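Undergrad: Here's the letter readout for the chains.
There are 2 protein chains.
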Amino acid sequence: MGEFKHFVIVKFKEGVAVDELTKGMEKLVTEIGAVKSFEWGQDIESLDVLRQGFTHAFLMTFNKKEDFVAFQSHPNHVEFSTKFSAAIENIVLLDFPSTLVKAPA
Amino acid sequence: MGEFKHFVIVKFKEGVAVDELTKGMEKLVTEIGAVKSFEWGQDIESLDVLRQGFTHAFLMTFNKKEDFVAFQSHPNHVEFSTKFSAAIENIVLLDFPSTLVKAPA
Chain A
1 MGEFKHFVIV KFKEGVAVDE LTKGMEKLVT EIGAVKSFEW GQDIESLDVL
51 RQGFTHAFLM TFNKKEDFVA FQSHPNHVEF STKFSAAIEN IVLLDFPSTL
101 VKAPA
Chain B
1 MGEFKHFVIV KFKEGVAVDE LTKGMEKLVT EIGAVKSFEW GQDIESLDVL
51 RQGFTHAFLM TFNKKEDFVA FQSHPNHVEF STKFSAAIEN IVLLDFPSTL
101 VKAPA
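First to last, the protein sequences are chains A and B.
The first sequence begins at 1 in UniProt numbering and counts up by one.
The second sequence begins at 1 in UniProt numbering and counts up by one.
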């Protein structure tokens, strides 16, 4: 069994201070040891028709599913999720065991 | 400047041979040197309301944006994309320079 991924794509509401939210997320994953790695980005290349209004991607990696479950129920995550949810217009979450086909050299 | 990411989430049409398509994608990234790493997975945990019908995530990493551009225009990718597009009911693509906040220990 490989790593477990928590993948989130988001469209924020207009006027939201996105910087504050990404800083908050950075703080959150630093506080919670169960999160193995975290990276995020804002789309700069995709065509509008393929982006469907989504602008940001957030990808968290865990060593195993149990670590993800622990993260989900962590009080800091629960608290942050409330704030985050209020700022989003649309979101898709996918949680999955990852199949690594080509590893970085 | 960090790595460049190509993130895709997909809902396949009913009756599509998903295994064949993921095998084809694995073959594709193996053939094209510009792709630094590739992993994918099928959601097993997200709530239906948060998944919005999407089932699969595909995550490609490139050393730089130019490598992504080269991948996009590679004839093998162009050929595969035609086959892939015919099999999908819904898709979101996000392409972005990645900010790595927490690196694997």
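Just so you know, the hints here were simulated from the structure itself, not pulled from any lab data.
All values derive from a computational prediction rather than experimental measurement.
Watch out, some of these pointers could steer you wrong.
Each pair may be met inside one copy or between any two copies, as identical chains are not told apart.
Derived pair list, reagent style DSS-like, types lysine-lysine, alpha-carbon separation capped at 25 Å [unchecked claim]:
id: 1; residue 1: 102; residue 2: 23
id: 2; residue 1: 64; residue 2: 13
id: 3; residue 1: 13; residue 2: 36
id: 4; residue 1: 83; residue 2: 27
id: 5; residue 1: 65; residue 2: 102
id: 6; residue 1: 27; residue 2: 102
id: 7; residue 1: 102; residue 2: 83
id: 8; residue 1: 65; residue 2: 13
id: 9; residue 1: 11; residue 2: 102
id: 10; residue 1: 64; residue 2: 102
Undergrad: All hints, please: hold or fail.
TA: Results for each hint:
For the identical chains of this complex, residue 102 and residue 23 are inter-copy neighbours only, at 12 Å across copies versus 31 Å inside a copy, given an alpha-carbon limit of 25 Å. Taking the shortest Cα distances, residue 64 and residue 13 never come within 25 Å of each other, neither inside one copy (32 Å) nor across copies (30 Å). When the C-alpha separation of residue 13 and residue 36 is checked against a cutoff of 25 Å, the pair qualifies neither within a copy, at 29 Å, nor between copies, at 34 Å. For the homomeric pair residue 83 and residue 27, the shortest alpha-carbon distance inside one copy (14 Å) is at most 25 Å, but the shortest distance between copies (42 Å) is not.
Taking the shortest alpha-carbon separations for residue 65 and residue 102, both the intra-copy value of 21 Å and the inter-copy value of 18 Å come in at or below 25 Å. Taking the closest pair of Cα atoms, residue 27 and residue 102 come within 25 Å of each other only across two copies (10 Å); inside a single copy the shortest separation is 30 Å, beyond that limit. Taking the shortest Cα distances, residue 102 and residue 83 sit within 25 Å of each other only across copies (21 Å), while inside one copy they are farther apart (36 Å). When the C-alpha separation of residue 65 and residue 13 is checked against a cutoff of 25 Å, the pair qualifies neither within a copy, at 31 Å, nor between copies, at 28 Å.
When the C-alpha separation of residue 11 and residue 102 is checked against a cutoff of 25 Å, the pair qualifies only between copies, where the shortest distance is 23 Å, while the shortest distance within a copy is 30 Å. Within a single copy, residue 64 and residue 102 get their C-alpha atoms as close as 20 Å, and across copies as close as 17 Å, so both meet the 25 Å cut-off.
Of the numbered hints stated above, those contradicted by the structure are hints 2, 3, 8, listed in ascending order.
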